[in-house]
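Undergrad: Those protein sequence lines, which keep their order, are chains A and B. Residue numbers for the first sequence follow the numbering used here, so the first one is 295 and each next one is one higher. Residue numbers for the second sequence follow the numbering used here, so the first one is 446 and each next one is one higher.
If you are wondering where the hints come from, they were derived from the structure by calculation, not from laboratory data. Among the hints, erroneous ones may be present.
[As the list claims (entries may be wrong)] Each computed SDA-like pair below joins lysine to any residue, with the alpha-carbon atoms no more than 20 Å apart: (1) 331/A to 489/B; (2) 350/A to 360/A; (3) 299/A to 485/B; (4) 331/A to 543/B.
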Amino acid sequence: DQQVKQNSPSLSVQEGRISILNCDYTNSMFDYFLWYKKYPAEGPTFLISISSIKDKNEDGRFTVFLNKSAKHLSLHIVPSQPGDSAVYFCAASGGNAGNMLTFGGGTRLMVKP
Amino acid sequence: NAGVTQTPKFQVLKTGQSMTLQCAQDMNHEYMSWYRQDPGMGLRLIHYSVGAGITDQGEVPNGYNVSRSTTEDFPLRLLSAAPSQTSVYFCASSLPYQETQYFGPGTRLLVL
């Protein structure tokens, strides 16, 4: 059973509009959440993270929101740009040795010019 | 810094063959790990290491072996490849107690 789920396999957005990517988790032991971005034929690269003691973290055009009671987090990209087109993975950490990550299945974002 | 490097980039194996996927990092990171990526499954943890001489199993360890003799290197061995091991393999590293992991470019493996 997947502990981290991204229920939307794909999302298409117009350039300049907001992209909202969602992620749900089931393990209450998770205390740190990350978003990774992945281009084809490359490894995932870290985008933004949030600790469970916060409900929002912002970095430029990227904002992550955490709702612990709902076990839900979201990534907002404003404004979206064609270069943002990639696969986005939600990941969670906590309750295990080595801070290893549990990943969601990914959402493919397509930003149309 | 080269960061995390992986070799080979692509490999084709026949069922039953063995091979080693190489991973190296030059950031002096204590923690290293191996993930596999399959469509719709995200990345799943195979094995990880919190330091030289220390390894442990992740979510999907069966069919894979690892060892960590140096801080820099963390090879992944397939002793007898199976078609179910067709996947893209990523190596990652991080500092102790830091959740942010840095990934290599991946090795695409096809087992026939």
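Undergrad: Going straight from one Cα to the other, do residue 350/A and residue 360/A come out at no more than 20 Å?
TA: Distance of about 6 Å is within 20 Å: holds.
Undergrad: Can you confirm whether the C-alpha distance between residue 299/A and residue 485/B stays at or below 20 Å?
TA: OK: residue 299/A and residue 485/B at ~10 Å, within 20 Å.
Undergrad: Check the hint pairing residue 331/A with residue 543/B against an upper bound of 20 Å on the C-alpha distance.
TA: holds, 18 Å
Undergrad: Given the hint that residue 331/A pairs with residue 489/B, test it: the Cα-Cα distance must not exceed 20 Å.
TA: Roughly 16 Å separates the two Cα atoms, so the pair holds.
Violation of the numbered hints given earlier is absent; every hint is satisfied by the structure.
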